[in-house]
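Engineer: Going down the list, the sequences are from chains Z and P. Residue 140 in my numbering is what sits at position 140 of the first sequence, and the numbering runs on without skipping anything. Residue 213 in my numbering is what sits at position 213 of the second sequence, and the numbering runs on without skipping anything.
Worth double-checking, as some hints may not be accurate.
To be verified - Stretch-level coverage of chain P by chain Z, calculated; a stretch enters the list once three of its residues show a Cβ under 8 Å from a Cβ in chain Z:
no. : stretch
1   : 4-10
2   : 262-274
3   : 316-325
Hints are computed from structural coordinates only; laboratory data are not their basis. Keep in mind it's a predicted model, so treat the numbers as computed, not measured. Yeah, the Cβ is synthetic: ideal placement off N, Cα and C, and Gly gets one too.
So the chains spell out like this:
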Amino acid sequence: MRPYILYIKKCPGVESPRHFKIGVAALDKARTRIATYQNAVGPVWEEQFIKIWAGEDIDIKEAEKKVKLHFKEKISSAEAGLSEWICDVDMQEIIDFVHELRDDYFINLIDPPQELQPLTMPLCEDLLEWWNSLQENDED
Amino acid sequence: MASVSKTKLKEQRIKAFLANYATQFDMEDSAIDLRTMALNYPNGIIPSDDIGDAVSAVLGASAIPRGSVDPRKLKVPQFDWAPMSDTGVDPRFQRDVAPNHVGKIEIDFQPDMIIVPCAIKDPKTGKFLLWDGHHTTRVCDRMGWSHIPVWYTEADINDKHSLEEAERILILKAGRSFLTINKKNKRPVSNYDSHMISVECGELEAVTVQRIVDANNCQVRKASKKAGDISHIEHLYGSYDLVQASSGIKGIYLARSLKFHRDTWPKEEVRGIMMLAMARLYQQTEMQTGVLLPADFDDEFGKILKNPKLYGHSEKVHTRLKEQFENHFGSLGAHPVVVTSGLVLTYLKHNTKGYKLAQPESTFPVK
Numbered sequence: 001m002r003p004y005i006l007y008i009k010k011c012p013g014v015e016s017p018r019h020f021k022i023g024v025a026a027l028d029k030a031r032t033r034i035a036t037y038q039n040a041v042g043p044v045w046e047e048q049f050i051k052i053w054a055g056e057d058i059d060i061k062e063a064e065k066k067v068k069l070h071f072k073e074k075i076s077s078a079e080a081g082l083s084e085w086i087c088d089v090d091m092q093e094i095i096d097f098v099h100e101l102r103d104d105y106f107i108n109l110i111d112p113p114q115e116l117q118p119l120t121m122p123l124c125e126d127l128l129e130w131w132n133s134l135q136e137n138d139e140d
Numbered sequence: 001m002a003s004v005s006k007t008k009l010k011e012q013r014i015k016a017f018l019a020n021y022a023t024q025f026d027m028e029d030s031a032i033d034l035r036t037m038a039l040n041y042p043n044g045i046i047p048s049d050d051i052g053d054a055v056s057a058v059l060g061a062s063a064i065p066r067g068s069v070d071p072r073k074l075k076v077p078q079f080d081w082a083p084m085s086d087t088g089v090d091p092r093f094q095r096d097v098a099p100n101h102v103g104k105i106e107i108d109f110q111p112d113m114i115i116v117p118c119a120i121k122d123p124k125t126g127k128f129l130l131w132d133g134h135h136t137t138r139v140c141d142r143m144g145w146s147h148i149p150v151w152y153t154e155a156d157i158n159d160k161h162s163l164e165e166a167e168r169i170l171i172l173k174a175g176r177s178f179l180t181i182n183k184k185n186k187r188p189v190s191n192y193d194s195h196m197i198s199v200e201c202g203e204l205e206a207v208t209v210q211r212i213v214d215a216n217n218c219q220v221r222k223a224s225k226k227a228g229d230i231s232h233i234e235h236l237y238g239s240y241d242l243v244q245a246s247s248g249i250k251g252i253y254l255a256r257s258l259k260f261h262r263d264t265w266p267k268e269e270v271r272g273i274m275m276l277a278m279a280r281l282y283q284q285t286e287m288q289t290g291v292l293l294p295a296d297f298d299d300e301f302g303k304i305l306k307n308p309k310l311y312g313h314s315e316k317v318h319t320r321l322k323e324q325f326e327n328h329f330g331s332l333g334a335h336p337v338v339v340t341s342g343l344v345l346t347y348l349k350h351n352t353k354g355y356k357l358a359q360p361e362s363t364f365p366v367k
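So that you can see chain P by itself, here it is in the shape it has in the complex (with noise of 0.2 Å):
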């Protein structure tokens, strides 16, 4: 019987790798926090070899001693420039063709900027079946390319097996891998993730919402812990995609939004909705009375909401409106919609200085 349990040792592999390191990061089952990680290093730049540490201090070190094995002498897989004409679709190991998806990828298209597509070479024709990036075929077939980069598998076909045999076994294993890439262990990239990229590699709109959470004193996280966190990126996009109407202008009800959050509940992270909700309630305002509420509404709403007697923290406040809206209609609607109208409500119920604010979008009795 073990002494001490998997769960211990891993924490002990964790703890002795994270020894190495004067600048913590969270290292968790589901994500390695390298960009916290990279700040150990003077350029920035993680080695290879001790991210693959740090995955084996989570994972348990893995039983083939690294680099022992090159994988250019096993041949598989092995890498070819195809004749366009000479590859092809078995439809037994691939989805149907999207034409709407390879128009989609065809926008973005840049000749250095593709995934190499992997292939079976089918021992009867010799031609090579693409169980992944047949989309990308097709954008490159349409942009005039005659050859297509593949990595493929071929059969040996030997006394041992017999041509029909390794078909049989070709088919079997790029089915296989169709669904594992795919699907079984598809990981799609995160809103945090998506974002993080698109600021550091300079895009625009990415950039503009990143200065304005900047300016706020938050900071975007893939989990909220500490004041000032941010990890709901769609109510974030959500927020800043708010246009003001008289100017065109996106992000000024975000910036408002976060402004109110942090003055309010300045040691809280930041609530998703109700960093939307409340981004909302400045722009339906301004929309129907062409005012954009006075800092004197916030330090007002922010003292209303904040009374232990109504409401507190602001995990509190918009679980409660919604509790309250469930509790009228006997189903909860659309959360952003009920929100934004229970604090609307919660104002003219509550407040002394009169700020007219929107009609709200639904109305139900609060507290």
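With the rest of the complex left out, here is chain Z (with noise of 0.2 Å):
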């Protein structure tokens, strides 16, 4: 099993987005996933992923599948690089679905803290970290 995580993004240096990319990385890697976003917008903008959810691999990739199903008629094109993009709505209706993931669902997904949230570089490590506890205190 390997952690991952669900992650809503925004267009860069956009104020009170309606677009937002749904997507899933590695939980190791999510500090990886965000330098490839930040080299595409250079040193104007500080990237990151406004909302997350960790979990197992298979819980985090079916949450992404039943987002992009569930909002299916929002995904504008199946264009490289915008068929992930759910296109005018409020990002407030993306999360209340994947609450009823985990509720109505049984899709086991994870609010890591407030404070690693947004998810920015310099947070990953602690990102890391606390799922390792996490795991640390399960086994206990």
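Two chains, two frames, some hints: make the complex.
Structural biologist: What follows is the structure in structure tokens.
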């Protein structure tokens, strides 16, 4: 089992966004993933995942699939680079559906501490430490 | 350089086409959902032109205007009722004849239910050399038919083509046609289509399976996306086929298994392997203990499986059970055996109500 994160990201620098990208990344590669996005925007903006959930790979990947399916009508294009953008929605709608996945679909999605969100590159090591401590506590 | 990609153009064509319909339906390269498309027509019949337009929306418009070619004037292919004695086979462009296949299709033979065989007309002998429908022809022969319907192509023998050239061209055509029809462009009927056609044509077994599916608020779908969707038709029939020893009846365990799945994971699609594994668990337990597990067992076991410390959603249950089997034995076994055994072992480890289950077919450590 490899830990993953489900993330929501907005367009860089946009206030009151209405378009959101949904995606997944291995939890220990979250920093690399943000760095990829950072590379595209350069120093004028600090890239971030505005909302994340952590969990086992199978839970996170299933959640991503379900979110994309649920918001299929809001994904305006299958073009590369656009097929993961849910357009013209309130972010709370996506968050509510993720909560529904946890409560009604029994997909185990764990909220990281508030101080780790939005997730930026400097916080990624803290995220990994938090996850490891969670696993140690579970084993105890 | 194109400013709009081919992918985007296709999206735009499909969107424009679907705008004509109140009931939306899936339009993919691999399948246009005609069953749902038909809901837009009062009598359920989709005009051929509309299906043609749907195909063009996916592929792009044809360069040839609709209806602009009258194939009757082309004279290819031609049609004839050929005397059986005037037909033959040139093994250069035919496979061996399989008597067991002839026997198989002979069982279902009906005079009005045959595909018209295809042939080339040999310029030397005048015989119709079959490149498609040879097995059908053999059955017709065994049914005593004196003639067989054929679509055939004839060589145009003139100054340009000698007899030998004409024969060579026809043989090449026949060989290519045989391979194109039987191999390259063969599209087998999917289990989904087979089930749906059987239901709608009133085949008894398919209708019974469908009734069980309906009774549990499920739907058979080509691809499962929504709550209660079932797309694994092989496992659906595999679950149905499990016979209750005491009554000799099929379908009881499918019904129980679907109810379990829907009650436990009401918002999830029905996972084929979970459906089959639970049906097997019920059957094996009843065979070995004489007791059909009660609803109280379903309730307890559902809670065990949904416990986030153990599994959660249905997809996770069977995936993790397979992983645990593989970790223990080093390779994966037959999925129904692995998942059924894993489910039994999980219940035995975590239950509090003590229902007796069948012996697991395989034993390995589970969470």
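Engineer: Now tell me if each hint is right for this structure.
Structural biologist: Hint-by-hint comparison with the structure:
{"no.": "1", "hint": "4-10", "verdict": "holds (count 3)"}
{"no.": "2", "hint": "262-274", "verdict": "holds (count 4)"}
{"no.": "3", "hint": "316-325", "verdict": "holds (count 3)"}
In summary, the structure agrees with every hint in the numbered list given earlier.
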